[in-house]
Every structure is written in C-alpha cells, then in structure tokens.
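Produce the entire structure from the sequences given, and follow the hints as far as they go.
With the UniProt record's numbering, letter number 36 in the sequence shown gets 36, and the count goes up by one each step, no holes.
Quick caveat, the hints were computed from the structure, so don't treat them as lab data. Among these hints, one or two may not hold up.
[To be verified] Distance windows between CB atoms, simulated:
no.	residue 1	residue 2	range
1	TYR81	ARG175	41 to 51 Å
2	LYS8	ILE135	40 to 50 Å
3	ILE12	GLU184	14 to 24 Å
4	ASN142	LYS382	49 to 59 Å
5	VAL46	ILE129	27 to 37 Å
6	GLU337	GLN313	15 to 25 Å
7	LEU98	LYS50	20 to 30 Å
8	LYS412	VAL201	25 to 35 Å
Glycine included, C-beta positions come from ideal geometry on N, C-alpha and C.
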Amino acid sequence: MNNSGVLKIDTIVSILLGIYSFFLLLSSSNAGYSISLALLIVGEIVYYWKYRNFKRIGNISKTILLILGIFFLTLLISAYYHGGPNIHDTWKYIYWALPCIPLFFGYIKDKSELAFFTGSSLALIALSIKGWIQIKSIFMGNMIGNGRITSTFVNPNDFGQIVEFALPIAILACRWSFYKWKSEKKICYKYSLIFQILTIVISVIPFLGAQSRGATLGFCIGGCIVGLFYGIKYWKIFNYRTLIVLLSIICLGFGLYSANIVAKHDVGGQKLSKSVNIDNNLSKTIERMTGLPSRSYDGERILLWKSSYNMWQDYPMLGVGWSNWQYMYQNHYIFDEAKERDLPMPHNNIAYFFSTTGVVGGIGYLIFTIGLFVYIIKEFNKNPESCLLPSFLWALVSTTIHGQVDSGIVNKYAMHILFGFLGIVVASLSKVKNID
Numbered sequence: 001m002n003n004s005g006v007l008k009i010d011t012i013v014s015i016l017l018g019i020y021s022f023f024l025l026l027s028s029s030n031a032g033y034s035i036s037l038a039l040l041i042v043g044e045i046v047y048y049w050k051y052r053n054f055k056r057i058g059n060i061s062k063t064i065l066l067i068l069g070i071f072f073l074t075l076l077i078s079a080y081y082h083g084g085p086n087i088h089d090t091w092k093y094i095y096w097a098l099p100c101i102p103l104f105f106g107y108i109k110d111k112s113e114l115a116f117f118t119g120s121s122l123a124l125i126a127l128s129i130k131g132w133i134q135i136k137s138i139f140m141g142n143m144i145g146n147g148r149i150t151s152t153f154v155n156p157n158d159f160g161q162i163v164e165f166a167l168p169i170a171i172l173a174c175r176w177s178f179y180k181w182k183s184e185k186k187i188c189y190k191y192s193l194i195f196q197i198l199t200i201v202i203s204v205i206p207f208l209g210a211q212s213r214g215a216t217l218g219f220c221i222g223g224c225i226v227g228l229f230y231g232i233k234y235w236k237i238f239n240y241r242t243l244i245v246l247l248s249i250i251c252l253g254f255g256l257y258s259a260n261i262v263a264k265h266d267v268g269g270q271k272l273s274k275s276v277n278i279d280n281n282l283s284k285t286i287e288r289m290t291g292l293p294s295r296s297y298d299g300e301r302i303l304l305w306k307s308s309y310n311m312w313q314d315y316p317m318l319g320v321g322w323s324n325w326q327y328m329y330q331n332h333y334i335f336d337e338a339k340e341r342d343l344p345m346p347h348n349n350i351a352y353f354f355s356t357t358g359v360v361g362g363i364g365y366l367i368f369t370i371g372l373f374v375y376i377i378k379e380f381n382k383n384p385e386s387c388l389l390p391s392f393l394w395a396l397v398s399t400t401i402h403g404q405v406d407s408g409i410v411n412k413y414a415m416h417i418l419f420g421f422l423g424i425v426v427a428s429l430s431k432v433k434n435i436d
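Below is the structure:
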C-alpha cells in the first residue's frame, strides 16, 4: 500500500482513538465506551493485518512489564489462596487495565497526542457543563444534595477523581500545542491551544465546586512536583536521582507523620475493641494539616483504618481476601462507634491492599505505585520535551494521594483511565517507526 493510503488509515485510527479517549474520560456511558473500544480495535486490526504495517509496533518497556507483572501476580497469589469469588473478582480487577492495550497499539506520533488531548478535553468540557448547570441550580436556590457539584456522578468525589486525570492533560496539552504551533506553524495546533485554554477555564470552577479534598490536594501536590521537575531541568540543579531521593524523603516524612497521628489513636492497642472513643478534635487536626475544610465523617475514616489494620494483624501474609473485606468488616472488625456500617472498602488504598491481600499484595501495590513513579521520572529526565510524561506523572500523583482517602485505583473508572493513559505513554516511549 502506498504512503498516502497508510496515512489515511493513520488518520482514521487516530480519530477512533480520540473518540475512545472521550468515552474513557467521560466514564458515564458504558455503551459509548464499549462501542468506541470495539471500533478502535477493529481499526487497529485492519491497519496492522491488512496492510502488514508492523513496523509501527514498538518495544514494550521491560520495566513496565515487570512492575505490572509483580503487581498483578501478587494479587492473584492471594486470590487463589482464598479461592471462591476472590479469583473471579481479582481477574475482573485486572481486566479493568484493558484500555492499556488498544491505546498502546493505536499510538501514532503527534496524531495520537492530538487525538488523545482533544478527546480527553471534550469529555472534561461535557462533565464541566453538567457541573455548571448544577452551579446555576444552587444559585437559584435548588440545593443539590449537600451543595457539592457531582456532574454526571452520584458522588462528588467521583467527579473530582475524573477531573484530577483530565485537567493535568489539558494543562500540559497547552504547552505541547504552543510549541508545536511555534515550530511547525500548523493551524491545527493553534486551534488546539485555544481549545485547551477554554477547557481549563470552563472546568476549574466545577472542579472546586465538587469540594473533593483528596482530589484537590492530590491535584495541587502533583502540579507542584511537575513544576519542581521543570524548574530543576531549567536551572540544571541536579539529576533525576537526586529528585527521587528528595521526593522519597518528603513521602517518608509524610508517612511517618501520618503514622504518628494514627498511633495517637492507639490502633494496635484497641484491637477488636468496642469502646474506642473517636477524637473530637480529629477533624480540626485534618483541617490544620491540609488547609481544607473538615467534615463530620473524618473520624469514621480513622475507624475504617483501624479495622483494616486489625484485619492485617490477624491475616498478615495473604489478607482476608479481595472479596471479603466488607463481610469481615461488618461481622468481625466493626467498632460500635462506626456510623457507616455497610462500606465496601476502607477508603485508603494502602489499607485496602494490605488488609485484603496481605503483605504479598500490599508490597505488590507499593512496587506498582513507587515503580511507576520512579520509571516516569527517569523517562521524563530523558525526554523533557514530552508532554505525555509530565501529565501522566501529575495524574499518577493525584490519584495516588486521593486514593489514601477514597477508592483510588480500586475504582473501575480510575483504573480504566490510569492504564489507558499508561498505554499511550509507554507507546510514545517505545522505538516507534512512524511514517512522515
């Protein structure tokens, strides 16, 4: 097939990738997601098999394969040990990582970036418009739930969780579009820049209106880390190894501080106790720590973490089982003071992985999170002009921090987006031979 024909198919695949990215980030249309995924896969099959253009397939990073392999293997070890529904539910969780594959094989340099940015931003605009409608209703006196913006979701934190992925993409896409427009003088990049700026302007207020402390804190810290890295590269102060050490020290300090707070509530000393007093000043403590408003259920989070800690103490190696947390919580580990008695998870990813899959799965989760973080920073150091790497780093930090007070990557849509994003990032780093 001649180059013009291949380029035409490239364009079609990129358009399909953009449509799929839209529904991936929208996260509220199962039909749209499934149909767009099927169309993208069909387009890729036609391209790779009919036209025998395999040279565009790059080498998948062995580091990424190792990180993902360890993570999923540790979960499966725990699942097969416990048996029953744990096996099915663990495989279902792994299946949520599927978007990584079509977005990897659908990658076409520059075209895929433009399609991915456009699709993601369109989804963010659609969600934000719904948010603006809710803001209007609130100003008209029609209170929505507790006055927090939910967009198309039931829970405002779910809306915040999607925006913390999409907004970094839009922000870094502005930088990418600007430099592409200046270097290549193509009008499409100028329009892309304008579109991304409008996306940011439209989405900020609804995002803040969701009042999701985890999403807001994660977004801000992720942005600071990316900004710090750009500053380091610009001033050429030190290399990525020093940055990793510095950030690791900060994370360790934050972890020790958090552990100290939990220790003050006698987590280990109150094992299975039914008379634990919730610290009435806990909400004020959290407010001072984060600078964000406290809520009445903050004390509940401590009880959930205590229950998870007690589960892990009793089942240290392989946990209580991926599917068994809710049952064990309600029947054996719940405190009398707990008001939310039917929760399916402890609203903390570390607590969830260690309590359900033990040391084996918990270490797997830490390897996955820290390994991805180090890998992306290392590649970012090699490719400072990339816009996918810093936006993924920003989103990874955001969802990881948010996941310590919410569902995080235990959430289906967060897993979809994170791994879909990872697929296109890894593809951009592979030794891809594109047709110019």
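Here is what the structure says about each hint:
1. TYR81 with ARG175: 41 to 51 Å: holds (47 Å)
2. LYS8 with ILE135: 40 to 50 Å: Given about 43 Å between the Cβ atoms, the range holds.
3. ILE12 with GLU184: 14 to 24 Å: About 22 Å separates the Cβ atoms of ILE12 and GLU184, which means 14 to 24 Å holds.
4. ASN142 with LYS382: 49 to 59 Å: At 52 Å between Cβs, range holds.
5. VAL46 with ILE129: 27 to 37 Å: At 34 Å between Cβs, range holds.
6. GLU337 with GLN313: 15 to 25 Å: holds (20 Å)
7. LEU98 with LYS50: 20 to 30 Å: holds (23 Å)
8. LYS412 with VAL201: 25 to 35 Å: Hint holds: Cβ distance 30 Å, inside 25 to 35 Å.
In summary, this structure violates none of the numbered hints.
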